[in-house]
Amino acid sequence: MDAALLIEKSILVLVILGITLLIATYSTYAERKVAAFLQDRQGPNRAGVFGLLQPIADAGKMFFKEDLIPAASEKWLFIMGPGIAMFTACMTGAAIPWGTELHVFGYTLNMQIADIDIGILYVIGFVSMGVYGIMIGGWASNNKYSLYGAIRASSQMISYELAMGLSIIAVVMMSGTLSLKEIAAQQHGINWNIWYQPIGFIIFFTCALAECNRAPFDLPECESELIGGYHTEYSSMKLGFYLFAEYINMFISSAVIATLYFGGYNFPGMDLIDSPALLGWLQFIVLFAKIFFFIFVFMWIRWTLPRFRYDQLMHLGWKSLIPLAIINMLITAAVVLLRNQTF
Amino acid sequence: MMQPLTNRSKQVVNKEMTFMERIYLPAILKGMAITISHLFKKKATVQYPEVQRPIAPVYRGKHVLKRDDQGRERCTACGLCAVACPAEAITMVAAERNKGEEQLYREEKYAAVYEINQLRCIYCGLCEEACPKEAIFLTDVITPVETTRNNFIYGKDKLVEPLNARIDVSKRQSWRTPEQQS
Numbered sequence: 001m002d003a004a005l006l007i008e009k010s011i012l013v014l015v016i017l018g019i020t021l022l023i024a025t026y027s028t029y030a031e032r033k034v035a036a037f038l039q040d041r042q043g044p045n046r047a048g049v050f051g052l053l054q055p056i057a058d059a060g061k062m063f064f065k066e067d068l069i070p071a072a073s074e075k076w077l078f079i080m081g082p083g084i085a086m087f088t089a090c091m092t093g094a095a096i097p098w099g100t101e102l103h104v105f106g107y108t109l110n111m112q113i114a115d116i117d118i119g120i121l122y123v124i125g126f127v128s129m130g131v132y133g134i135m136i137g138g139w140a141s142n143n144k145y146s147l148y149g150a151i152r153a154s155s156q157m158i159s160y161e162l163a164m165g166l167s168i169i170a171v172v173m174m175s176g177t178l179s180l181k182e183i184a185a186q187q188h189g190i191n192w193n194i195w196y197q198p199i200g201f202i203i204f205f206t207c208a209l210a211e212c213n214r215a216p217f218d219l220p221e222c223e224s225e226l227i228g229g230y231h232t233e234y235s236s237m238k239l240g241f242y243l244f245a246e247y248i249n250m251f252i253s254s255a256v257i258a259t260l261y262f263g264g265y266n267f268p269g270m271d272l273i274d275s276p277a278l279l280g281w282l283q284f285i286v287l288f289a290k291i292f293f294f295i296f297v298f299m300w301i302r303w304t305l306p307r308f309r310y311d312q313l314m315h316l317g318w319k320s321l322i323p324l325a326i327i328n329m330l331i332t333a334a335v336v337l338l339r340n341q342t343f
Numbered sequence: 001m002m003q004p005l006t007n008r009s010k011q012v013v014n015k016e017m018t019f020m021e022r023i024y025l026p027a028i029l030k031g032m033a034i035t036i037s038h039l040f041k042k043k044a045t046v047q048y049p050e051v052q053r054p055i056a057p058v059y060r061g062k063h064v065l066k067r068d069d070q071g072r073e074r075c076t077a078c079g080l081c082a083v084a085c086p087a088e089a090i091t092m093v094a095a096e097r098n099k100g101e102e103q104l105y106r107e108e109k110y111a112a113v114y115e116i117n118q119l120r121c122i123y124c125g126l127c128e129e130a131c132p133k134e135a136i137f138l139t140d141v142i143t144p145v146e147t148t149r150n151n152f153i154y155g156k157d158k159l160v161e162p163l164n165a166r167i168d169v170s171k172r173q174s175w176r177t178p179e180q181q182s
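Protein chains in written order, with the numbering used here: chain A, 1 to 343; chain P, 1 to 182.
Hints were generated in silico from the structure; no laboratory data involved. No incorrect hints appear here.
Pairwise CB distance ranges (calculated):
id : chain 1 : residue 1 : chain 2 : residue 2 : range
1  : A       : Ala-114   : P       : Val-13    : 51 to 59 Å
2  : A       : Arg-41    : P       : Lys-10    : 22 to 30 Å
3  : A       : Ala-289   : P       : Gln-47    : 30 to 38 Å
4  : P       : Tyr-123   : A       : Leu-17    : 50 to 58 Å
5  : P       : Val-13    : A       : Asp-115   : 55 to 63 Å
Don't be surprised by glycine CBs; every beta carbon is placed ideally from N, CA and C.
Can you make the complete structure from the sequences, with help from the hints?
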């Protein structure tokens with residue numbers, strides 16, 4: 001590997017990580033603002049203009065809080081829990097194509113950190129690893145509520161991963177590749193996967209909500225019955241890591257949804273633009289616009305729907321989404337087969 | 001049957017859900033339409049320190065111990081306000097006026113210490129009604145925020161009206177009928 005590539009990739013990693021963290025930080029602000037606006041309130045508006053410095057104040061507060069480790073907890077696992085949650089959340093961004101190419105100062109940057117040909121498997125793999133962070137944290141706390149939250153989280157995530165995987169299989173069969181770059185490239189212009197996989201999208205989106213522990217599937221947290229669920233015993237930045245990981249997951253989920261179903265960086269009329277430099281930037285901007293829209297939808301849903309009951313959650317996962325995903329997969333398979341034979 | 005208060009009440013029935021209801025999506029979309037419509041509605045918030053809600057002319061806020069037209073304290077420490085106070089928020093220590101203090105106190109007896117605990121006070125205005133000397137009044141000033149409990153015990157330094165900044169309490173009094181004013 002030559003040094004130039006190494007430097008290019010390191011810079012890209014740093015930039016993407018920085019953007020991820022920045023967006024996660026400001027998602028906390030956006031969440032509060034969206035919640036407020038949907039409830040006819042103002043939201044945070046005291047720290048800085050429009051309260052824009054609020055996330056920085058919150059982070060500062062988090063750092064200066066007393067960091068408690070319960071005496072009866074498994075100390076190392078207790079520390080590891082939020083670490084794993086954060087690590088897995090940050091890792092997923094590597095396989096997502098953030099655009100095609102970006103021309104900066106005469107260099108041409110490939111906007112994907114790692115073009116793995118099993119990209120989507122890599123993402124799903126790391127997303128499912130995320131449950132370990134919650135499970136280990138909840139178990140190590142040595143607290144009934146934490147344990148309940150952790151058990152709920154693990155069973156919920158395992159249940160919804162199935163339907164999620166099945167809905168992805170349908171997309172993968174259609175595009176004939178596991179590489180996220182290829183999947184994005186195939187949805188040129190407005191030839192987006194959503195037109196072919198509307199049911200798959202609804203299943204995937206529902207599962208993404210459950211995977212991110214977002215309302216209406218925020219049972220692992222469940223502050224009204226489990227006092228915060230798996231992070232009951234956490235304080236200071238360890239708690240901050242868990243909350244932060246949730247927002248990073250939300251960002252990454254939005255990116256994956258945009259890439260899989262909404263054309264990633266593609267937009268209608270992209271062939272009309274001659275300059276590749278301008279096109280590169282536009283693609284980057286379009287992808288982020290789509291991501292922000294989905295982050296907003298995540299929040300919009302959170303402030304609309306009440307939380308599911310645990311049995312309802314399991315019913316929805318096992319009795320509705322998985323059969324629906326299987327049917328969707330079978331129909332897709334049949335159509336793909338017929339199309340390949342006729343053409 | 002009870003008279004419904006609004007026309008939004010619905011009879012609860014335990015019927016089987018139809019297919020459309022069971023797939024949730026129409027209901028979810030309906031709910032989302034309702035929440036998004038609130039995005040564009042007027043915010044209910046009043047930005048408090050900068051904007052203040054209009055208060056009624058008869059609003060009962062922070063107390064003031066009035067001085068008379070010559071600038072002498074009217075309070076004679078009779079204790080009727082403390083007796084009238086249902087929250088027992090008022091305490092006072094009376095003292096006798098010495099020679100040469102006629103410019104300070106109107107009567108021969110005055111309140112050396114006069115304290116109102118603003119945390120106990122319920123702003124009912126009974127002290128004002130009990131006062132025979134028209135010394136204590138409730139103003140339209142909202143009691144400001146403090147960070148310690150001790151600061152809420154207002155002494156004479158915070159209660160007695162300053163000589164150079166007289167407080168007008170007539171707005172509240174003018175709402176009373178002439179019989180009550182006398």
